[in-house]
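Between the sequences and the hints, there should be enough to build the whole structure, so can you do that?
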Amino acid sequence: MKALLIQSAMVFSIVTVLSGCSQSPEKRQTADKAASTIQTDPNDPMSNKGIGPVKEVVLGEPDHAMAADGEKIFKQLCSACHKPEEKFIGPAPKGIMTRRSPEWIMNMIINPEEMVKYDPVAKQLLIDYNLAPMANQNVTEEQARKILEYFRTLE
Amino acid sequence: MVGGRRSAVILKNQEPGTRNQEPRTKYQSTMHKMRKSIFLSLLSVALIFGCQPRHGGLAGGGAAPDAASRVYVAPGELDEFYAFFSGGFSGQLSVYGLPSGRLLKIIPVFSVDGEKGYGFNEETKPLLETSFGFIPWDDAHHPQLSHTNGIPDGRWVFINGNNTPRVARIDLTTFETVEIIEIPNSGGNHSSPYATENTEYVVAGTRFSVPFPQQDVPISSYKETFKGALSFISVDPKTGHMELAFQVLLPAFNYDLARAGKGKSHGWSFFTSYNVEQAHTLLEVNASQYDKDFIAAVNWKKAEEYVKAGKAKEMPASYFHNIYDDNSHMATSKEMKTVKVLIPSECPDMVYFLPTPKSPHGVDVDPTGEYIVGAGKLSADMSVHSFSKIIKAIENEAFETHIDGIPVLKYEEIVAGIVSSGGLGPLHTEFDDNGYAYTTFFISSEIVKWKVGTWEVVDRAPCYYSVGHLMIPGGDSKKPFGKYMVAMNKITKDRYLPTGPELNHSAQLYDISGTKIQLLLDFPTVGEPHYAQAIPAHLVAPNSKKYFNLEDNVHPHVTKKESDTRVVREGNLVRVYMTTIRSHFAPDNIEGIRVGDKVYFHVTNLEQDWDVPHGFAVMGARNAELLIMPGQTETLLWEPDRPGMFPFYCTDFCSALHQEMQGYVRVSPKGADTPLKWWVGNHE
Chain A
1 MKALLIQSAM
11 VFSIVTVLSG
21 CSQSPEKRQT
31 ADKAASTIQT
41 DPNDPMSNKG
51 IGPVKEVVLG
61 EPDHAMAADG
71 EKIFKQLCSA
81 CHKPEEKFIG
91 PAPKGIMTRR
101 SPEWIMNMII
111 NPEEMVKYDP
121 VAKQLLIDYN
131 LAPMANQNVT
141 EEQARKILEY
151 FRTLE
Chain B
1001 MVGGRRSAVI
1011 LKNQEPGTRN
1021 QEPRTKYQST
1031 MHKMRKSIFL
1041 SLLSVALIFG
1051 CQPRHGGLAG
1061 GGAAPDAASR
1071 VYVAPGELDE
1081 FYAFFSGGFS
1091 GQLSVYGLPS
1101 GRLLKIIPVF
1111 SVDGEKGYGF
1121 NEETKPLLET
1131 SFGFIPWDDA
1141 HHPQLSHTNG
1151 IPDGRWVFIN
1161 GNNTPRVARI
1171 DLTTFETVEI
1181 IEIPNSGGNH
1191 SSPYATENTE
1201 YVVAGTRFSV
1211 PFPQQDVPIS
1221 SYKETFKGAL
1231 SFISVDPKTG
1241 HMELAFQVLL
1251 PAFNYDLARA
1261 GKGKSHGWSF
1271 FTSYNVEQAH
1281 TLLEVNASQY
1291 DKDFIAAVNW
1301 KKAEEYVKAG
1311 KAKEMPASYF
1321 HNIYDDNSHM
1331 ATSKEMKTVK
1341 VLIPSECPDM
1351 VYFLPTPKSP
1361 HGVDVDPTGE
1371 YIVGAGKLSA
1381 DMSVHSFSKI
1391 IKAIENEAFE
1401 THIDGIPVLK
1411 YEEIVAGIVS
1421 SGGLGPLHTE
1431 FDDNGYAYTT
1441 FFISSEIVKW
1451 KVGTWEVVDR
1461 APCYYSVGHL
1471 MIPGGDSKKP
1481 FGKYMVAMNK
1491 ITKDRYLPTG
1501 PELNHSAQLY
1511 DISGTKIQLL
1521 LDFPTVGEPH
1531 YAQAIPAHLV
1541 APNSKKYFNL
1551 EDNVHPHVTK
1561 KESDTRVVRE
1571 GNLVRVYMTT
1581 IRSHFAPDNI
1591 EGIRVGDKVY
1601 FHVTNLEQDW
1611 DVPHGFAVMG
1621 ARNAELLIMP
1631 GQTETLLWEP
1641 DRPGMFPFYC
1651 TDFCSALHQE
1661 MQGYVRVSPK
1671 GADTPLKWWV
1681 GNHE
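Protein chains in written order, with the numbering used here: chain A, 1 to 155; chain B, 1001 to 1684.
Honestly, the hints are just simulated from the structure, not real lab data. From the three backbone atoms N, C-alpha and C, an ideal C-beta is built for every residue, glycine too. Any given hint could be a false lead.
[Said to hold, decoys possible] Below, a list of computed lysine-lysine pairs in the DSS-like style, where the Cα atoms sit at most 30 Å apart:
no., chain 1, residue 1, chain 2, residue 2
1, B, K1546, A, K117
2, A, K72, B, K1227
3, A, K72, B, K1560
[Said to hold, decoys possible] Incomplete in silico selection of chain A near chain B, CB under 8 Å:
no., residue
4, A80
5, C81
6, P133
Here it is in structure tokens:
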């Protein structure tokens, strides 16, 4: 499985390079990143950091102001599909900190298209949720970090 | 196509290279004839053996040998130019990619468009308001890109509505109509919108003169009571907002087309006229009596001074000015009640008439601003006026006569040269980046290439069939981009598979980068593409908006999150505050609507990603759908006339669960006490 993933990642990056002239540089960069951030054990949800710009999140003491901001953003951009404490269109964020790594959560929020294509956990979630796509709401990294802080209050 | 390939090889040998060659020599002429006959014989071979459609091509193809590779834009690749084609009697503006000829978008402007809900949703209805009320159609003619320093800047496209005189502005970040202004005292806004060098003004000259002010008079009083108004609409350099700055009142001729001066002639605008005979019946004969009509040269900088000095008369008028706002996602209408009018006899040195043979149609100014080409459509030759000579003639008072106080300059004193082309029915001229002009000839169905300054004809190419306008990217500007030329033809006949009596008009793309004009491509257009303009894609594409920020949405009935969705009743007026996201509506179940209610669905698309619009359609709606862009709010009015269960659904395929994106409205009889309730999922 591991080998297969690395192989497919390589094929993907070769295709990217070959067809690169028609892609925007920005797009190419993300695709390369996608190839290089495949984790050593993507099937272990707690060690899988997902695919996207977020490599390392250090969680300090809970920051309540930040969590309040995060809740606001969540309500605005996410709540049409996610209810905090129950399954709706997508899964409930309650308890997510015990199910996924912080990096995976933020990458899923920021980079949903690539996550559901290349990350095995996200891919399985898409299937489990009847192929309802996780919408890309163009959330910034800073906003995603605040949402993560909000999720920490939902234990 | 074997025959085609073979001919390509032979033709290539005859004509090594196509770029930067000298005009055709006698040798080349002979070769041209030979090439023609070789081509024709090869073509017949091709028709017999090749993959040409069996029913096609009475005229043959006419395409350059390796045309296919020169217009081929491979899948995933993008076109080099955006081209904006007038939709003519469709009232719209179509956007094509060049050189592929691919249709990219149809922008609704003057006509309602069910596809986009334009003119059907409550937000865009005000754009089509006029002093005559809501008008769902017009005849659009001439797209005009905004200019800075005489060069297209990629900010806006203006286009005129001919029938109920109006000018519209399309924003090139959203590719949507954002403003429409009505023109009073005008009847047939044809010589429009033609921008000045920095888009200080777009103009609107009346094709049909009308009484000024409008009134009930005998038609036979034409010469006494009718006038021709030339309107100057100022454009705010920051916002693009238009304002009817002033009108210049001219004799009752038919003002046909216009162009602004540039470079040395910046500050002037030129309008062709026909029917200086002032006929009002059977113009086909009666307006073609004199051998010359006039180009009206308007010194608009002088006109500005007169307005500033208080010389303009403030006249009562009624016209609408409608503006769409990208943050409220709504248009508003305002009726304007007065207009400033300048009378030339009271404002000397503001307008001059340039005699021009005969019933001139197009008036086109070369990139330097020195030469003003009048295409006398009923004359075999074209007169080119010199701006320097015009100024000199004015200084020397070389006037033939005066009409209504307007000096008529002596033709011999202003003409710089005559283009004797042998063609018939010259209509329009555009310019390339190498000092050449290209003129369309309607009757002889061709485009003639000639040298500016020497007036020598250097090449000609047939058009299929009966060409009207032509377009070269930037061909009306100070720095034409050149490379391609598009002919917009009035007659289609056998160029495409037949589609019954009505055929889409044909456009033809030519390569003009070499000495010879080479036909590359035919493509059908929407309505009648009177005119088009094109601009390099890199001046527009980077600014193209991907979605609207939900945060910036200030629509009075916006719903920014699903928890705010609700249904509110005020008497028989019901407002549904609805949201969409892949792939559900909130609410998607509504009860307590009654027959006779006016239900406004205010639908906000919560998506914040490119290319994820949602549609909204409800059974029995007597208008159209909504097509809501991400971050936008749109409103559909629905007036249920019978009790029952009425489904609504998303019309624009949005995700794998698009078919599930639906809901129901329960409609109870008038006076029923069904409680007003709404919910989505279990969240009642």
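Each hint tested on the structure:
{"no.": "1", "hint": "B:K1546 with A:K117", "verdict": "holds, 22 Å"}
{"no.": "2", "hint": "A:K72 with B:K1227", "verdict": "violated, 62 Å"}
{"no.": "3", "hint": "A:K72 with B:K1560", "verdict": "holds, 12 Å"}
{"no.": "4", "hint": "A80", "verdict": "holds, 4 Å"}
{"no.": "5", "hint": "C81", "verdict": "holds, 6 Å"}
{"no.": "6", "hint": "P133", "verdict": "holds, 5 Å"}
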